[in-house]
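J.: Chain order of the listed sequences is A and B.
For what it's worth, the working numbering labels the leading residue of the first sequence as 1, then goes sequentially.
For what it's worth, the working numbering labels the leading residue of the second sequence as 1, then goes sequentially.
No wet-lab data here; the hints were simulated from the structure.
Please note that a few of the clues may not be correct.
What the hints assert, rightly or not - Below, in silico cross-link-like pairs of lysine to any residue (SDA-like), each with a Cα-Cα straight-line distance of 25 Å or less:
no.	chain 1	residue 1	chain 2	residue 2
1	B	K77	A	T297
2	A	K269	B	K77
3	B	K77	B	A63
4	B	K55	A	P260
5	B	K77	A	R320
6	B	K55	A	L309
7	B	K55	A	I289
Stated by the list, open to error - Computed footprint of chain A on chain B; a stretch qualifies when at least three of its residues, placed anywhere within it, have a C-beta under 8 Å from a C-beta of chain A:
no.	region
8	42-53
9	74-80
10	119-131
11	287-294
12	320-332
Beta carbons: idealized from backbone N, C-alpha and C, even for Gly.
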Amino acid sequence: MSSLSDLPLEIRVGGALTSLDVRPLPAYAPVVCDFLGELSRVLLPTPEVRTFPDLAAFAYWCRPANLSRLARESSGHRHRIGRGLVLHIAPATVPINFAFSLAFGMLAGNANVVRIPDTQFAQVPILCGHLKRLFSRPEYARVAAMNRVVSYPRSDEITSALTAHCQARVLWGGDATVNHLRKRTVPPRCIDVAFADRYSLCLLDGKAVAEATDEALEQLAQGFFNDAYLMDQNACSSPQLVVWHGEASVVDQVMLRFWPAVERLTRQKYELAPVHAVDKFTQLCRIAIGSPEAVSTQRHGNFIYRIRLRDIPSNLEAQRGQFGIFREYVSGDLAWLPKVAGIRTQTLTCFGFDRHALAQQIINQGLVGIDRVVPVGRALDMGVVWDGYDVVDTLSRIIAAD
Amino acid sequence: MPGPIPSAPGLGDPAEWPTYSVSEPVKRRALLGELQRLTAWHASACRPYRDILEKMHHGRPVAVLEDLPFLPVRLFKHEKLVSVAASEVVKTMTSSGTSGHRPSEIFLDARTASLQSKVLSRIVTDVIGPQRLPMLVIDSAAMVADRTRFSARAAGVRGFSVFGRPVEYALDDQMQLDVPLILSFAERHADQDLLVFGFTSIVWQHLVTALEASGQRLPLARGVLIHGGGWKRMEAQAVDGAHFAARLDAVTGLKRVHNYYGMVEQAGSVFMECARGRLHTSTWSEIIIRDPLDFVPLPLGQRGLIQLLSVLPHSYPGHSILSEDEGEIVGVDDCPCGRMGTTFRVFGRVQDAEIRGCSDTWSPAHTG
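Starting from the given sequences, assemble the full structure and let the hints guide the process.
T.: Here you go:
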């Protein structure tokens, strides 16, 4: 194994790699929960949290009440301990995921090396600053010794060198990145938690939307806006398809209620760059040319483009939009569910449905896809259960003493 | 619907239209008729175009030019759009391809190619007069001769070279000024105006700044410069039209400068700058400016995306194109130079913007 001391990387938080303490802790160890709770406490009142909603979401997630709940709900084995050292490769385009990944690794009882992306995001130095300050406190010495945040230009050599010392890796960034990172040798007992390309959709019950009060409709539109537009519709959880459940006569009317409400929000809150408007328009023309199942399109300015589908196409997961292009499908039943719940499908947001009943349908029908059934508005909420993994459980190991 | 072109109201056969002397109301009527005819023609002859009209435009009525459907220019890089049989295609033009992007392919039949030459000739002779002039190309002959690599520059030079006699190249194979050649050229043709032609950034870098660095001056006071290709590469140095002309004059004495704007995706769209500094639409073309947020047409003086209309494209559906350039309309039928029609200004390509998201791929830079 090559020495960690020689690696040409920049340490953003923590001491030298050679002084890393890789002895695992129990899962949900008090010192780790205290540390994250304190991080939450110092972050939440800062002005930056108002500027960056993702920073706010992370700070809120780390609060003591949430961590206690997670500890309680964690799988009930008596002897759960971290695996050792975990390498995290954060995604290039989501600023705050490196922090969630680090927190998951820490809660599982591990030492962690997190590679932040090359892209310059304001949230990263802000969070690193807080981590550094907390690391210097004597009560968190163990946490400081166990964790590093690093940066290095993409390098197979460095990644392999780090991997050789690891018992687990958390790989963000989609199919291409995951495939690439799996090409080089990984120690036999090192597991990968890989976040590959995912596809997500929104299911709306026509009658429920029709009967919603104006206030409830506004909330629904706001939730949909957040799900779709906050990440330019590029997050793995962003809805690509809107399925309306109900009779055509009801649904046609209720579309006239829903979409204008979403349009109002996009005009108020969404910054659509001219080059992206042109991108969307080009995409729409290509869809008109190349998709036989696309029957017609409708534009709400350049903010919302809708494509009415006659059928669910077999290559649904490849049919993605950006900046607000939605496929739309109407059905009186759930017969479309198997066509949509492929291995790539991650999140189904819904309104007017019993989520547990839907989850049960997925189990009853033996479908390989859909890892989350959540209310509209919660698509982007990160949690320890992600992409079907309980990440903290997966990153820890159980000592069987029965 | 092939066959003789029916006469547009009041103007007759487009091949015979006057270049700049038609007032806007008359021109609009004539264009509307032609462009509606072209839209219907391409819908019948080009399947992808018909799909776009059917699925996106739903048979909406067209009452004014602004109602006409338009295609985004980048679509020509992704889709093969042609309205005639392969056997009728006499010329295929390509735009510069950038890494990761195919180049646009524009298919011209005899009719479209002929109209394009004719229109270009009318527009250029309006600037240089009816005779061919001795022409100095600010580029190297090697660049133009190399037909293995497509170059928008080479295509531009070849296209404009028909207006020169003789045609000589001011730069050697190393892109250095061939001063003896230029001096000899100027002396041999001392009793005539000279046509000087080049890509904007090449003229800037290899003529203007090269002369400034060497301290030399060249006797090109009888020159008329026609240049195009965009100011993008010079944005960092904050060079605009006035600045460019002043610096050029200082090192060559050349005072007649005409920028032109156009794109290979639309035959017939050559917008020439007049002596008063405005870009002009000819009778065969029109400009609409659209708000990028919803494509609503914008009035004079408001900045937006440039849409180009041209009555020339018969063999491919390029008669109504939304570009990726931003501009504004300066005036209509009111240019002090005396030419009629819409005058406008081009600010440049829309800026790239970041994309958020989960996977690591970035939007490639929108160039070319």
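J.: Run every hint past the structure and note whether it holds.
T.: Tested hints:
{"no.": "1", "hint": "B:K77 with A:T297", "result": "holds, 22 Å"}
{"no.": "2", "hint": "A:K269 with B:K77", "result": "violated, 32 Å"}
{"no.": "3", "hint": "B:K77 with B:A63", "result": "violated, 30 Å"}
{"no.": "4", "hint": "B:K55 with A:P260", "result": "holds, 21 Å"}
{"no.": "5", "hint": "B:K77 with A:R320", "result": "holds, 20 Å"}
{"no.": "6", "hint": "B:K55 with A:L309", "result": "holds, 11 Å"}
{"no.": "7", "hint": "B:K55 with A:I289", "result": "holds, 9 Å"}
{"no.": "8", "hint": "42-53", "result": "holds (count 3)"}
{"no.": "9", "hint": "74-80", "result": "holds (count 4)"}
{"no.": "10", "hint": "119-131", "result": "violated (count 0)"}
{"no.": "11", "hint": "287-294", "result": "holds (count 3)"}
{"no.": "12", "hint": "320-332", "result": "holds (count 3)"}
Against the hints set out earlier in the document, violations occur for numbers 2, 3, 10.
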